[in-house]
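Novice: So the chains spell out like this:
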Amino acid sequence: MNPLILKGIRENLRPKHLIAAGLFSLIVCSTVYLTSYLEGSEGKYSKDPQTKEWVKGESSPVNGARNAFTFLLALQGFYLMFLGTGRVASITAEERESGLLDYQRMTPMNPLSKIIGYIFGIPAREYYMFFFTLPFLGHAILVGKLPWGNIIQLYSVFFCSVILYHLTAHAVGLVVPKPRAASWVSRIVVLGLYVVLPGLGQAGISFLSFLTILPTYFGKILPVIREEGYQRRNHFDYEARMADFWQDVPFFDFMISPTTFTFLMQGLLILILLITGYRKWRNQALPALSKSSAFVIYSIFQFLLLGCLWTFFDKGEASGLIGHELSTNEFSGSEEKLMGLIIVVGILFSLSFLFILCLINICCPNQHLYLKGIQRIAKFNLTRIPRMADESSGLGLMLILGIITLFTYSALIKLALHSDAWVLNSSLVSLCLIPTVTLLLTVMYLQASREQWFNLGFWGFVGLLWITPLLASLVLGVGWGEENLGLILKLLAINPLSVVPMHWVYEHADIVKLPQEITQSFNSAIWFGLLIAGIFAIILQIRLFYIRKK
Amino acid sequence: MIQVQDLKIHYGDFVAVDNLSFSVKPGTVFGLIGPNGAGKTTTIKAIATLIEPTYGEIMLGETSVLHQAEKARRMLGYMPDFPPVYDDLRVEEFCDLFAHAYGQSSVERKEKVEKALAQTELITKRRELCKSLSRGMKQRALLAKTLVHDPLVMLLDEPGANLDPKARIDMRKLLRKLADEGKTILVSSHVLTELQDLCDEIGIMRNGKMVVSGSIEEITQRKQSYRTLEVELLEPTTQFPEFLEQWPTLSELKQTHESKPHFEISHSGNREEIPEILSQMIEHGLKVTSFSTRKSKVEDLFLEIESGSSEFDQN
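Protein chains in written order, with this note's numbering: chain A, 872 to 1421; chain B, 380 to 694.
Everything labelled a hint here was simulated from the structure, so no lab data went into it.
Treat each hint with caution, since some may be false.
[Claimed, not checked] Here are the simulated lysine-lysine pairs, DSSO-like style, with alpha carbons at most 30 Å apart:
| hint | chain 1 | residue 1 | chain 2 | residue 2 |
| --- | --- | --- | --- | --- |
| 1 | B | 387 | B | 404 |
| 2 | A | 1250 | B | 404 |
| 3 | B | 387 | A | 1250 |
| 4 | B | 387 | A | 1420 |
| 5 | B | 387 | A | 1243 |
| 6 | A | 1421 | B | 588 |
| 7 | A | 1250 | B | 545 |
| 8 | A | 887 | B | 510 |
| 9 | A | 1243 | B | 588 |
| 10 | B | 588 | A | 1420 |
| 11 | A | 1384 | A | 1186 |
| 12 | B | 404 | A | 887 |
| 13 | B | 588 | B | 404 |
| 14 | A | 1250 | B | 450 |
| 15 | A | 1016 | A | 1250 |
| 16 | A | 1243 | B | 450 |
| 17 | A | 918 | A | 1016 |
| 18 | B | 387 | A | 1421 |
| 19 | B | 545 | B | 510 |
What you are looking at is a predicted structure, and each value in this text was computed from that prediction instead of being measured.
Go ahead and model the full structure; you've got the sequences and the hints to work with.
Specialist: Take a look at the structure:
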């Protein structure tokens, strides 16, 4: 057995823990299960249409078991996904802070075995508590006549998600310097990655929704549960919509089952986290991702974006809220449809920008790391730092990532231009030129600032440049919206995330029926945004050049 | 066995270790001495593969710590300056965990854990949880864990810091025994008297640099042109100063105790002259009750370094 799993069992499952945790789990689980089972199995009152009297229906153990299944699943999720994730993050961070992790780092165990040992050993007690829910699960499946195939799919995804969450917590514990910060950061990261980000799936980028078990639950279990209890539950329209929504995922011109797609998505994230964990176990000082793994991961990310948005740009069909709005004809006019398209383009660019920002933070060397590289090349008599080394400048890689983004964007725009679903009156070149310049200039100034300043300087710069003008424009907009529209747009344009949607609005001013003077304000704001980005890119690149030369 | 060459470690703009070079012979105990912030712990961590140096090379025999870290780790046992232990593990489970992590079979583990616990006198505490141990006992548990995979090189950062006097003496004896068995030990400590008896060689660090290194005798002779002789007479006599004037290599007579005829004399001649001095004293009728060459003390050297004496700077 893996020594670290054995350690976890020894630490967490001594007789006193076995009794306390076992009793706790048994009491909570039996309460939750029996309450929901009895509530669900009870016959419901309904009005007889002939006699006009309230009649109590027959009790149904099948309905009871199916009703209890969802609550049981939530309890299992609470044990493993909530309690387990918190424990993995806090123990990893504590051990790193105290130096215990150094002992483990020095043992000759494979880094992968160490990661497995930590993510399965630390939450040993939570797995034990989960074990006590299994008899109830068996009862729910047998009595509720739930199909084994669907249950197996659901629990495969459930455990894949548990591993993903625990791996996230472990990676956060390894990366974040302080244990208290690690505990908070892990909560924020888990919430962001697996709750907030899936919300963007509603805006047509469906692959983001597959970071949780919800698609498999809604796609595979909810239709079965609703089968028997449909009459009783049909007032929950939300459930019906969800069950319909999660049946299959459009990806390019294919349809993929939600379970397969969830495995693909979670597999990608598990791969990223394993790379990070592996590198950090090998050497705490290494950046979380190497340049080559950053390139591969970003390419996969763009491929997923392309696949998920393909049908939207090609046929105007989308999943989530955007799709719902389109299918219910609320976006029937060309103006409304165009606004839907601009929202999706905005999200596409924002996600790509934020992903590149994260990779710049991880893969671009600070001055200390660059100096280390310089001293190494002197030692090994090399003429320059190898391009893909952690110590080398990240400009080349980041520009390549920018070009990959532009390739995805231009492919989608080309689709939209040739599609009957959209009415666009611009050319490919005019729609691509401003986003290209914006993206490349932004990448240049972000990379230069990351490589000359440490964390505080870099994030302070990004915060001041991207967030402060946004907040100022918000205040101006609320107070003096009409008089200062030009200024507000200029402030907005300092943030590169807003330049692309503004450019789209400007390009289609006649479709969205924008007055001439406002159209001009949009135009000057876009050029102002580009000017600011250009100035920063030039100044910071020159400054970086001189620092390096010195 | 340990060869450190041109080691540099930067933390941002701060230089923690600056061009450090030293070597430790196999089967010897090397003591790293220096004030807080001198770079001792950083150096030990770099050898332990826990910090990546900015520049330089560290070799363990033929193995490069920087380029063959996995191989080097098998040769290393590391004990940090404060004893973090797994609180909820029993002492024997704590040792077993590491024996297991080093790939030992269950039979081998049992034997090695037993041996390590016996060496550190923890047999009676084996079933106790680590959190119930005193700091000193935790230190011993940590040493047991370090010994359990039988490392060739042991890196001990302040090993006696939390031990009581008896445990310190026991630890010293154990480390000496391990060195005699062939292990190479690099130890840092603030307890200088401890290093005096334990170490074959010492290195004194200041501001990330090695100021001086070698055996204590070697360093003293290298840096001082004289040695101190301690003489005790049965009773005070005026003959003694007169006798000293006849020897040009003897000087600086100093009475170390007001009421007793106990003196210190500086001797600048060679070592072979010392027996002759003693025999001449007796021939002159001086009633000598004690005669010895004073052993150089690590404290003396360290204090001189601390006071910033530039004559000790190697560079």
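Novice: State for each hint whether it applies.
Specialist: The hints, checked one at a time:
{"no.": "1", "hint": "387(B) - 404(B)", "result": "holds, 22 Å"}
{"no.": "2", "hint": "1250(A) - 404(B)", "result": "holds, 26 Å"}
{"no.": "3", "hint": "387(B) - 1250(A)", "result": "holds, 12 Å"}
{"no.": "4", "hint": "387(B) - 1420(A)", "result": "holds, 21 Å"}
{"no.": "5", "hint": "387(B) - 1243(A)", "result": "holds, 10 Å"}
{"no.": "6", "hint": "1421(A) - 588(B)", "result": "holds, 25 Å"}
{"no.": "7", "hint": "1250(A) - 545(B)", "result": "violated, 48 Å"}
{"no.": "8", "hint": "887(A) - 510(B)", "result": "holds, 16 Å"}
{"no.": "9", "hint": "1243(A) - 588(B)", "result": "holds, 19 Å"}
{"no.": "10", "hint": "588(B) - 1420(A)", "result": "holds, 28 Å"}
{"no.": "11", "hint": "1384(A) - 1186(A)", "result": "holds, 24 Å"}
{"no.": "12", "hint": "404(B) - 887(A)", "result": "violated, 50 Å"}
{"no.": "13", "hint": "588(B) - 404(B)", "result": "holds, 20 Å"}
{"no.": "14", "hint": "1250(A) - 450(B)", "result": "holds, 22 Å"}
{"no.": "15", "hint": "1016(A) - 1250(A)", "result": "violated, 70 Å"}
{"no.": "16", "hint": "1243(A) - 450(B)", "result": "holds, 23 Å"}
{"no.": "17", "hint": "918(A) - 1016(A)", "result": "holds, 28 Å"}
{"no.": "18", "hint": "387(B) - 1421(A)", "result": "holds, 20 Å"}
{"no.": "19", "hint": "545(B) - 510(B)", "result": "holds, 22 Å"}
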